[in-house]
Structures are given as C-alpha cells and as structure tokens.
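Colleague: Protein chains in written order, with my numbering: chain R, 1 to 151; chain V, 1 to 151; chain Y, 1 to 151; chain P, 1 to 151.
If you're looking for bench data, these hints aren't it; they were derived computationally from the structure. The structure displayed is predicted, hence computed values, not measured ones. Where a beta carbon is used, it is the ideal one built from N, C-alpha and C, also for glycine. Hints are not guaranteed to be accurate.
Unchecked claim - With a Cα cut of at most 27 Å, we get these calculated DSSO-like pairs of lysine-lysine:
id : chain 1 : residue 1 : chain 2 : residue 2
1  : V       : LYS116    : V       : LYS141
2  : P       : LYS141    : P       : LYS116
3  : V       : LYS116    : V       : LYS65
4  : Y       : LYS65     : R       : LYS116
5  : V       : LYS116    : V       : LYS139
6  : R       : LYS116    : Y       : LYS139
As the list claims (entries may be wrong) - Here are the simulated distance ranges between beta carbons:
id : chain 1 : residue 1 : chain 2 : residue 2 : range
7  : R       : GLN120    : Y       : HIS42     : 36 to 42 Å
8  : R       : ASP57     : P       : HIS84     : 55 to 61 Å
9  : Y       : ASP122    : P       : SER50     : 53 to 59 Å
There are 4 protein chains.
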Amino acid sequence: MHHPNPEMAEKLAHLLADVVNAKFILHGYHWNVVGPDFGEMHHFFAELYSDVDGSVDGLAENILKVGYPAPYLLSDFCDLSCIHEERLDGTSTQFMLQSSLRVVETLYDCHMGAFKVAEQCDLQGLMDFLAARIDMYAKWKWQIKAYLGVR
Amino acid sequence: MHHPNPEMAEKLAHLLADVVNAKFILHGYHWNVVGPDFGEMHHFFAELYSDVDGSVDGLAENILKVGYPAPYLLSDFCDLSCIHEERLDGTSTQFMLQSSLRVVETLYDCHMGAFKVAEQCDLQGLMDFLAARIDMYAKWKWQIKAYLGVR
Amino acid sequence: MHHPNPEMAEKLAHLLADVVNAKFILHGYHWNVVGPDFGEMHHFFAELYSDVDGSVDGLAENILKVGYPAPYLLSDFCDLSCIHEERLDGTSTQFMLQSSLRVVETLYDCHMGAFKVAEQCDLQGLMDFLAARIDMYAKWKWQIKAYLGVR
Amino acid sequence: MHHPNPEMAEKLAHLLADVVNAKFILHGYHWNVVGPDFGEMHHFFAELYSDVDGSVDGLAENILKVGYPAPYLLSDFCDLSCIHEERLDGTSTQFMLQSSLRVVETLYDCHMGAFKVAEQCDLQGLMDFLAARIDMYAKWKWQIKAYLGVR
Chain R
1 MHHPNPEMAE KLAHLLADVV NAKFILHGYH WNVVGPDFGE MHHFFAELYS
51 DVDGSVDGLA ENILKVGYPA PYLLSDFCDL SCIHEERLDG TSTQFMLQSS
101 LRVVETLYDC HMGAFKVAEQ CDLQGLMDFL AARIDMYAKW KWQIKAYLGV
151 R
Chain V
1 MHHPNPEMAE KLAHLLADVV NAKFILHGYH WNVVGPDFGE MHHFFAELYS
51 DVDGSVDGLA ENILKVGYPA PYLLSDFCDL SCIHEERLDG TSTQFMLQSS
101 LRVVETLYDC HMGAFKVAEQ CDLQGLMDFL AARIDMYAKW KWQIKAYLGV
151 R
Chain Y
1 MHHPNPEMAE KLAHLLADVV NAKFILHGYH WNVVGPDFGE MHHFFAELYS
51 DVDGSVDGLA ENILKVGYPA PYLLSDFCDL SCIHEERLDG TSTQFMLQSS
101 LRVVETLYDC HMGAFKVAEQ CDLQGLMDFL AARIDMYAKW KWQIKAYLGV
151 R
Chain P
1 MHHPNPEMAE KLAHLLADVV NAKFILHGYH WNVVGPDFGE MHHFFAELYS
51 DVDGSVDGLA ENILKVGYPA PYLLSDFCDL SCIHEERLDG TSTQFMLQSS
101 LRVVETLYDC HMGAFKVAEQ CDLQGLMDFL AARIDMYAKW KWQIKAYLGV
151 R
C-alpha cells in the first residue's frame with residue numbers, strides 16, 4: 001500500500017475523535033468523583049483515562065501513515081465523534097461507572113469497525129495496533145462491570 | 001477562603017478549555033508538519049504540546065480546590081474556549097508557527113487574567129501554579145519568535 | 001508446524017538480506033550526508049538505520065525457528081537481496097531521501113510478502129513479528145514523505 | 001593534516017569492509033552454532049560480534065574525518081574486504097572457532113596496517129582509536145585460542 005487510502009483515513013479520523021472525546025469524559029470522572037470510594041475511583045479513572053490517552057498519538061500517526069493529515073480541532077472532534085455523554089447528574093459514582101461502560105463499549109465497537117476496514121485493506125501493522133487496543137477495551141469492560149457487580 | 005469561589009472556578013473553567021484546545025492545535029501541528037524541517041518541527045511541537053498537556057490535570061484540580069466540578073465534555077470546552085484557530089491552509093510550517101504564537105500569546109494573557117482574580121482572592125497556591133505556567137508561556141513565545149526570526 | 005519449513009526459510013533468508021542491505025544504505029546516508037540540514041538528516045538517518053538494524057537478529061532467529069541456518073556471508077546477502085541502490089550522485093540530500101523512500105517501500109513490500117507465507121503456514125508468532133515491522137516501515141514512509149513534502 | 005588524505009581514506013575503507021564482513025561471519029556463527037556447548041558458544045559469539053559491530057560507526061566516521069565519503073553498499077564491502085570465509089561445512093563448533101580465529105587475526109593485522117599509515121600521517125586521534133581496537137582483537141585472539149586449547 002504505497003498510495004493514500006481515503007476510506008481507512010476517514011475511519012481512523014472518526015476513531016481518533018471518539019478516543020479524544022472518551023479520554024476527557026473519563027478524565028472528568030477522575031476529577032469529579034466524590035463519595036466513600038473517592039480514592040479508589042479517583043485512582044481507577046486515572047488508570048483508565050491514561051490508557052486511553054496513551055493511544056491518541058499512535059492513532060493519529062496511523063492516519064499519517066495511510067497518507068492523510070490528522071484532525072486536531074476540538075470542533076472537528078465534536079463533529080466526528082459518535083460518543084455523546086450527558087452532563088453529570090450530580091455526583092453519582094454509579095452513573096460515572098455506567099457511563100464509562102457505555103463509553104468503553106463504544107470504543108470497543110469502533111475499534112472493531114476500524115479493524116475490519118484495515119483487514120480489507122491488508123494493513124497488517126495497523127491491524128496489530130488496533131488488536132492491542134481492542135484487547136485493552138475488553139479488559140476495561142470487565143473491570144468496570146466488576147465494579148458494577150454485573151456480568 | 002473556605003467556601004466555594006464561583007468567580008475563580010469560572011475563570012479556571014475557561015482557562016482549562018483554552019489549554020485543552022491549545023494542546024490539540026499544537027499536537028495537530030506535531031502530526032501534520034511537512035517539509036525539509038520536518039524532524040526539527042515535529043520535535044519542537046512535541047515539546048510544546050507536551051508541556052501544555054502537562055498542565056491540564058493541575059488546572060482541573062484547582063477548580064476542584066475552589067469547590068466546583070471541572071468541565072470535561074469536548075462540546076463544553078468548545079463553548080468555553082476563546083481560542084478559535086482556522087484549519088490548516090495546506091502544509092505551511094510558517095502558518096503553523098504563526099498560529100502557535102497566537103495560541104501561546106492567548107494562553108499567556110488568559111493565565112495573567114486568572115492570576116489577577118487569584119490575587120484578589122488571596123489564593124497563594126493557585127497564584128504559584130499560574131505564575132509557573134505564565135513563565136513557561138513566556139519561554140514558548142520567545143522560542144516560537146526565534147524560529148520566526150522576529151522580536 | 002513441527003518440521004523444517006523450506007519455503008518460509010527461503011523467504012526469510014531473502015528478507016534478512018534485504019534488511020542488511022537496506023541498513024547499510026541508510027547507515028551510509030547517515031555518514032555521508034552534507035549540507036545545511038546536516039545535523040537534522042544525520043540524526044534522522046541514525047534513527048532510521050538503528051530501527052532497521054534492530055530487526056536483523058530477530059529476523060535471523062526466525063530462520064532458525066523454522067529449522068534452517070541463517071545466511072551471514074556478505075556475498076550471499078548481495079545475491080539474495082532485491083534492493084540495488086546506485087552509488088551517490090555526489091551529496092544531494094534530496095537523492096538520499098528519495099532513495100530511502102524506495103528502500104523503505106521495498107522493505108514494506110517484502111515484509112508483506114513474507115507475512116503472506118507465514119499466514120499460509122499458520123506461524124502466528126512470526127506473523128506478529130512481521131506485522132510490527134510492517135507498522136514501522138509504514139511510519140518511516142510517512143516521515144520520509146513528510147521531509148520530501150509529498151503525501 | 002588539514003586537507004583530504006586519500007591514502008588513509010582508502011586504507012580505512014578497506015578496514016571498514018573487513019570489519020563489516022567479519023561482523024556478519026561472527027553474527028552468523030552466533031545464529032547457527034549447535035551442539036552441547038550451544039548456550040556458551042551462542043553467548044560468546046554474541047559478545048564477539050557485538051564488540052566488532054560497535055566499531056563500525058567510529059571507523060566510518062574516521063573516513064569522513066580524513067575528508068572522504070564512507071563506502072556503504074554491500075557489493076562495495078565485498079570488493080573491498082580481504083576476508084573470504086567459506087560457507088559452513090555443516091555445524092562444527094570447532095570449524096566456527098578456527099574460522100573466528102582466522103577472522104580476528106586478519107582484523108588484528110589489518111588494524112596494524114592502518115595504524116602504520118596513521119602514524120606516518122601523524123593522525124594521533126586515529127592512532128588512539130586503532131590502538132584500542134588492536135587491544136580488543138588481541139583479547140579475542142587469546143579467548144578463542146583458550147576455547148581451542150592452543151597457545
């Protein structure tokens with residue numbers, strides 16, 4: 001693949017916007033969580049948002065690698081992202097965990113969608129990158145569900 | 001100051017939005033720069049965005065410290081930020097540097113504005129935090145101007 | 001796969017020769033680059049050749065893993081490699097970058113070819129190794145193109 | 001010596017080719033050794049090839065320092081090198097050690113030859129570099145002979 005790939009670039013641009021959007025929602029829960037489990041949840045959301053944040057640069061690089069510039073304006077990220085969480089209804093940890101689960105499940109699905117396109121385009125390196133992220137989101141789904149006490 | 005400070009919180013919420021907005025503009029230049037100075041500029045924008053990014057968490061914590069939740073939705077950041085950069089006109093390093101200078105000068109001014117409010121409220125710890133950031137933005141203004149060859 | 005795999009071994013022997021050949025071409029540009037961008041290019045070619053060099057030992061080990069000795073004589077590498085760059089036409093950085101792009105694109109293609117054989121042979125560990133290398137060559141393509149100012 | 005030194009540059013170009021050639025022969029023995037002493041020999045050849053490899057960049061820099069570009073094409077290294085080892089007759093550790101001794105003795109002699117030229121040209125820095133390498137090859141000669149049980 002030695003020429004620009006517009007379909008893959010567009011899929012990754014949406015994914016980058018989702019990841020940036022999700023990172024700040026999770027970072028916001030890290031900041032705003034209150035209650036008897038404050039320390040525990042403050043720490044858990046820190047691990048979670050840091051992991052998501054750590055994938056931002058690599059994702060953007062993959063857009064460059066398929067031959068297109070990466071989006072970077074907040075207003076573009078707002079338009080491109082399919083994640084639309086509500087403002088916090090006060091300070092409920094339960095709400096934050098349920099919202100985090102929705103966010104992480106959406107990230108999982110969107111990475112799977114990008115993986116399928118990468119597979120069709122035979123982009124083995126990108127598939128490798130996305131597979132590692134999918135693995136992490138499966139882990140976060142388990143851990144958030146464990147906090148919520150659901151399967 | 002032992003009660004919530006709405007004026008300070010609002011000032012810091014705007015500042016947080018400006019910093020997040022600026023961070024992604026600078027990160028975008030890191031990704032999208034091209035030309036014979038690619039390596040140099042790619043590295044310079046990395047240093048710049050990393051420094052700005054490193055202040056996000058501390059800024060948000062200061063909103064919590066004055067008694068309010070920190071904003072975290074991208075759409076809120078868009079509404080709250082006074083920085084509105086245009087999309088890139090192609091691939092000009094000159095444009096990226098001039099835009100970065102505008103961004104950094106705005107951050108400098110907004111931090112100064114927040115510092116004045118913190119001073120009126122006698123928030124010495126916050127003044128210290130903001131002063132350190134003001135110092136960094138003064139440094140980045142110098143370095144971007146040095147690249148542009150202007151005083 | 002518990003017996004020697006001659007097809008895979010031969011594919012990897014050619015790939016090892018290509019990688020060794022490419023490493024020295026890029027190392028040579030690191031040494032011989034001149035001009036106003038000397039420091040920048042000297043550093044960039046160092047990053048590039050070091051990354052390529054870092055895969056030599058792992059590649060050879062994979063030949064052993066599929067049951068064959070690894071080639072190691074320079075004359076064998078010359079015969080096995082499909083990369084044949086010309087001697088430098090003086091000292092043009094532009095030539096070195098264009099040549100590096102050809103070399104890196106060839107490495108990308110040859111790794112893809114080896115990946116296909118590994119996939120047919122169900123060699124999951126080797127596929128993982130090759131996918132990571134393919135990803136790096138996609139990155140180097142982007143960065144060299146960024147220097148050349150092309151997409 | 002403030003002008004290009006063609007005699008020294010040519011001597012060093014041959015030496016660089018010998019060192020690159022030798023490095024891969026030793027690296028090949030590291031890969032392909034088998035038998036009851038596998039772990040020991042695999043490790044010994046790793047130390048040996050790594051030491052030789054570590055001198056490649058410095059050697060090439062010395063060619064630049066005397067005013068000439070360094071060779072870097074494998075086919076040029078083949079032509080320039082005086083080391084011509086045979087392919088392995090199977091998997092004999094004894095053969096690999098005897099071959100390594102021939103290779104290291106040749107490197108010792110070629111470095112001595114280059115040292116004489118450097119001395120005539122009063123290149124004190126280069127003499128220092130070559131003397132350190134001569135010292136290492138004297139050490140490797142001892143260690144290989146110790147394995148072979150000869151003086």
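Colleague: For each hint, tell me whether it holds in the structure or not.
Modeller: Okay, the hints, checked on the actual structure:
no.	hint	result
1	V:LYS116 <-> V:LYS141	holds (21 Å)
2	P:LYS141 <-> P:LYS116	holds (21 Å)
3	V:LYS116 <-> V:LYS65	holds (17 Å)
4	Y:LYS65 <-> R:LYS116	violated (31 Å)
5	V:LYS116 <-> V:LYS139	holds (20 Å)
6	R:LYS116 <-> Y:LYS139	holds (21 Å)
7	R:GLN120 <-> Y:HIS42: 36 to 42 Å	holds (40 Å)
8	R:ASP57 <-> P:HIS84: 55 to 61 Å	violated (48 Å)
9	Y:ASP122 <-> P:SER50: 53 to 59 Å	violated (34 Å)
Violated hints, listed in ascending order, are 4, 8, 9; each of the other numbered hints is respected by the structure.
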